[in-house]
Each structure stands twice: as C-alpha cells, then as structure tokens.
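Novice: Chains A and B, in that order, give the protein sequences.
Mapped onto the working numbering, the consecutive letters of the first sequence carry residue numbers 158 to 507.
Mapped onto the working numbering, the consecutive letters of the second sequence carry residue numbers 158 to 507.
Simulated from the structure, these hints should not be mistaken for laboratory data.
Small disclaimer: the values here were computed from a predicted structure and weren't measured.
Keep in mind that the hints are not guaranteed to be accurate.
Identical chains blur together in the list; that is why a pair holds if it fits in one copy or across any two.
In silico EDC-like links for lysine to aspartate or glutamate, alpha-carbon gap of 20 Å or less [as the list claims (entries may be wrong)]:
(1) K365 x E321
(2) K281 x E210
(3) K281 x D219
(4) K466 x D256
(5) K365 x D346
(6) K365 x E295
(7) K365 x E315
Number of protein chains: 2
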Amino acid sequence: MTTLQQLLGTELPLIQAPMAGIQVSAMAIAVSNAGGLGSLPCAMLGPEALRSELAAIRAGTDKPFNVNFFCHTPPVPSPEHEATWRAALAPYYAEYGIDAASIPTGPGRNPFSAEVADLLAEFKPPVVSFHFGLPSAELLARVRGWGAKVLASATTVEEALWLEAHGADAVIAQGLEAGGHRGHFLSHDLTRQLGTFALLPQLVRALKVPVIAAGGIADANGVAAAMALGAAGVQVGTAYMLTPEATTSAIHRVALKSEAARHTALTNLFTGRPARGIVNRVMRELGPIGAAAPEFPLATSGIAPLRAKAEAQGSGDFSPLWSGQNATGCREVPAAEVTRALARGFQASR
Amino acid sequence: MTTLQQLLGTELPLIQAPMAGIQVSAMAIAVSNAGGLGSLPCAMLGPEALRSELAAIRAGTDKPFNVNFFCHTPPVPSPEHEATWRAALAPYYAEYGIDAASIPTGPGRNPFSAEVADLLAEFKPPVVSFHFGLPSAELLARVRGWGAKVLASATTVEEALWLEAHGADAVIAQGLEAGGHRGHFLSHDLTRQLGTFALLPQLVRALKVPVIAAGGIADANGVAAAMALGAAGVQVGTAYMLTPEATTSAIHRVALKSEAARHTALTNLFTGRPARGIVNRVMRELGPIGAAAPEFPLATSGIAPLRAKAEAQGSGDFSPLWSGQNATGCREVPAAEVTRALARGFQASR
Chain A
158 MTTLQQLLGT ELPLIQAPMA GIQVSAMAIA VSNAGGLGSL PCAMLGPEAL
208 RSELAAIRAG TDKPFNVNFF CHTPPVPSPE HEATWRAALA PYYAEYGIDA
258 ASIPTGPGRN PFSAEVADLL AEFKPPVVSF HFGLPSAELL ARVRGWGAKV
308 LASATTVEEA LWLEAHGADA VIAQGLEAGG HRGHFLSHDL TRQLGTFALL
358 PQLVRALKVP VIAAGGIADA NGVAAAMALG AAGVQVGTAY MLTPEATTSA
408 IHRVALKSEA ARHTALTNLF TGRPARGIVN RVMRELGPIG AAAPEFPLAT
458 SGIAPLRAKA EAQGSGDFSP LWSGQNATGC REVPAAEVTR ALARGFQASR
Chain B
158 MTTLQQLLGT ELPLIQAPMA GIQVSAMAIA VSNAGGLGSL PCAMLGPEAL
208 RSELAAIRAG TDKPFNVNFF CHTPPVPSPE HEATWRAALA PYYAEYGIDA
258 ASIPTGPGRN PFSAEVADLL AEFKPPVVSF HFGLPSAELL ARVRGWGAKV
308 LASATTVEEA LWLEAHGADA VIAQGLEAGG HRGHFLSHDL TRQLGTFALL
358 PQLVRALKVP VIAAGGIADA NGVAAAMALG AAGVQVGTAY MLTPEATTSA
408 IHRVALKSEA ARHTALTNLF TGRPARGIVN RVMRELGPIG AAAPEFPLAT
458 SGIAPLRAKA EAQGSGDFSP LWSGQNATGC REVPAAEVTR ALARGFQASR
C-alpha cells in the first residue's frame, strides 16, 4: 500500500492549502522545506508572475511542491448580469465616490490551459492540484507527462468517485468548514455540501485512492482526528494565514485574530462562486449569497474598486476575508513552526 | 477532574441521542443497560405517555438514563401565517383529496413546563437534557432538586458560554452534520452553524464544563476522532435508527439504507424550525427552507395529513426523514451492539 507521503514524495502527509491572494512562493518554500507539501496558488497569476514564482520555488527548495489551478469553464460575459451587479453596488460606488463607468470588466481568475501547461512543463512541478473538477483529458495527460501527481477536491461522494474515475491520484475531501472557494463541480446545490466529520469517512469508504482531509483542521488534535476518521493525510490552510510568509493583509490579520472570525459564511459576492470568509458589511447587506452577483469569476471586477477604496481607509467592509470555520489554529509564527506543530498530530494517531 | 462517566454515572461517556418519533423507552433501556446513557425524547409525549414510558424505563433498567425536552416559547398562533401555510400546501391537499377545513391546528410539540417537572419528580430521572436553550431558572432548580444532571445543546461558542453560565453541567456541541432539529437559540442565522470539526474544539477551548460531541459520528472511528478533538464524550443518534429498538418507520428505514441518505438538508417544513432530514419531494418542491412554514412547532399540523396519506401509500414524500449527514453507521443490529461497537472508539483514543 502506498502512503500519501510516498505518493507525494514528502516526509509528512501534510499539504499546505493553496490560498490565492494570501500567499505565493515564500509560503510554499517554507512548508516544503519543513517536510510538508507547500503549494502555490496559480489562479490569479499571469504568465510572468507564474514563471517568476516557480523559479523562486525551484531556487528555494529541492523538496516536492504543489501548484494549484482552478479549472472552471469561463462564462460568456452577460452585459445584463453585469448591469444588475453594478446596480446592486451603485449605492456603495456613490458612498465611495467611484465612477462606475471607469471600472473595467474582466475575468479575475483564469482556468488551467494549454499555455499554462507549456509553462509548467519547463518547471515540472511534482504535484498539481485542481479545484472545480479536472481539466480536459488532454491537458491532464500533459501534466502526467512530466511525472506529476494529480490531486483534486471533492465535496460529495459523487464528485470523489468522478475524480477517481478521471485520474486523480488522491482526492481532497473538502469539508464544509473549509475556508475559501468551495470546490463543488457536479452540483451547485449547497445543501449537498457536507461537514468534514460526515464527508471524510464516506470518501474513505467509497474510494481506492488516498483521501486527504480538509476543513476545520486547526492543530495537532485536528490532524489526529482526521487520521482517526481514515484520512491518508491532511490539507490545512487557515492555520497558516498569520505566518510571516503569508501575504495576508493587515486588515485580514486583525479579523482573523478577533471574535469576528467565529462567524464565517459562504458568499458569492467576491467572485461569483461560494467561498467561505469572515462575515463583513457587504456580506451582511447584500448576501452572503446574493442573486445579483454574476457568474464566477466575473463578480470580482465590480467589487474590486470598493475593496481598494475601503482598504485604503483601513476597512475590510468589501474585502474577501477568507477563513475556515475554525481559526483557532492561527498563530503568528513561521510556517515551518505551524507545520511541525501540525505534524505532532500524526504521531498521536499512530 | 470529573469525567463525563462520573458526571452521568455511566460506564461509557456515550449518550444515545434522543430522537422524537424514532424511539421511546425500549431504546433508552437497551442503551443504558449496555453501558451508555439511554435517552427518552419527551417533546411529543403527553402526560400519560410520559408517565408510562418513564415507568417502563424504571422497570427495564437500574442504570442512569436521560429525558430530553424542548424549551421553546410557544408562539402565538397567527391565522394569517396558518393561511399562508395552508395555501402553500393546497395543491398537495387537492392531490391527496384532503379537506383542508378538517385539519386541526395545534402545537405538535410542547415545551418543558411546571406540570412536566411535577411528573418527572416522581421518577427522578438522573439526567435531563434540553434543546433550544434551557427552561427558566425556577424550573431548572426543580430539576436539580432531585439531583438530576443537566445537559443542553450549543451550536455556537456564544450559546455554549450562555449554557455554562446558566447552569448546564455539560454542553453538547451539536455540529452541523447532526440529524433532527438544530438546537440554536441565541441566533436564527443559519450561517452561524458550524461543522463538528470546527465547533467541537472551539467549545472545548471556551468551556470549563465537559463538552459532548454530536454530529456526524457514525462508528468507533468517529468516536476516536471526537475524543482526539477534546470531547469528554459523544452523543450519537443516526447510527441507532435501524436498530430493532427504534420505531423508525419502514419508509424511513428504506431511505436510510439507500443512496438517498447521502443528501440531507436542513428544512423547516415539518415543524417550523430547521431540522436535518433526507431530501424528499416536499423539501425539493417547497424548500427545504420555506418562507410559508409558520413558527415552530405550528408547521406540523398542516403537513401531518399529507404525511399520513402519503405514508399509507408507501411514500415518504411528506415525511420527516430525519438523518444526520453520515448515515454510514446505520446497521440492523440491536442497540446494545451499536453501543458496544461505538465504545471501541474510546479504547482507540486512550
């Protein structure tokens, strides 16, 4: 039986969750050097930034690392939906003195593509993980071509079986507690989303490939609990968000350290797809799931200038304050120390 | 330090979750005799039935047991809300040939009261647990008067601190995965509800009293995981629903054994308060959270005749098919065997 460590080539069966907007190569390097699998979130990186971050990782560690991509189908922009969205945001534009006509429309997040695969092939990342399903069989074959292992997130038994059948080497069981974007891709019905305690053992039972637990794991006890439920390893994000290697904004750091972090919700206001963040003003007033938000990732451009203006005034009222439901693991210590502390959970579970 | 077993007077720190409509004294007796804490759900029992069930438990076991009550404030019935509800159900009444004028209105579920406390005092149940908060200080003092230990459910850190401050001897951390009624009572905002992996460790950290894990625990691995997260014990419901001691209907048993059990949702259609059950026709067509449903527990009477007619035809389309998100622990074995199997999780966690 292959362990997750053997599959990934790491010392620990521990993956640092890729967190777009929260970290780049420095975090991945620190975690990989500490024995975990560091991850680079690539959805918001253009080709030049991606190349530069990959070069930095290759220079910073000789350990395995993961690159993460979204693989959504970009929607056809709808002027009507965009107008609805701008209308919903209009009072805020007025409040902040923003000229709505000056706001560019644009995608915000790009899916995995042939161009990206070409670029990756130069760097041959040992692990590639996907959110929102998997790319086409052709693209996946290219990734496998340089020997990469493929991971992907499942939020239901059906999605996990689909990922296994389509070639995932291991499946991430993304429990409802997890921060950031929900990875669901077979159904958009949020009532189908399961807590980690329910999702994880059902995937372990249903799959042949290793199952990686994600969602609510904050410390060594959480790791031990996930292993008790049959996980082959864990993926942890929120606990890394206060580390010096994270690019988490000051506003976001304050929120994570406050009692506000007790109340997160899934919201589609920041990108168009449900993602978990700390509840703030715009989530309270328009949502958290707002019908006016256009399809992923098109909601981003409309809200971006509000975020920028509010943040310039020290406010997170329009910022995506991504967080899982359990921020108690957040500590202002180096990512290597978070990794080592989490790793104690594997010893406890033996 | 007092363990949960010492507090409850049981061999095991394991509580069989009270499940109104699913079990009466036979289940409580079987679990208590097997070393756990059997529970009698009392919210739907009139005085005579309550007396008779308590007498049966006292005759069936000399071990500790738990009696469970709701402690909601009964709403003032609103003819307008009731009319809205009947209008929403009218197409179904027509389909089943039900004369809407013949349907009685009525509460369905009664809160804990002085009359009930009088009756309980004759039987002195060793443990009394509450859902939706706690009864008045006066009523609680009466319960304590015969030496009962008091348990109550929390769904947020705030609720847990409130229960501890108001005299709960232990707090049940009801994770979002749990079947049946959500126990929230300080806020009705469902986005505040947390998965077990996030709720449990936060309550363990916040409280001085023991924390009992509930929600998604299906087997010994689940018990071990809960203990790893710091629980003093566990409360398990769904895993008992196929036992011969359960009064679970044949229709409900079939649903629990099928793949339909993979998709549960919180719904207010059956009682007026959100409760988790397997998704069925009425939940798909009117909800699962429907604005037309009147306040708890007033929704019950309007839907009851539909349930009766549909069940008579072998259909669960209008039945509350209560279930947690993880029905994989359901086995058609005696409740004592379920109890012993779960208990192996405590050994694993030592």
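Novice: Which numbered hints are broken by the structure, listed smallest first?
Specialist: Structure breaks hints 5, 6.
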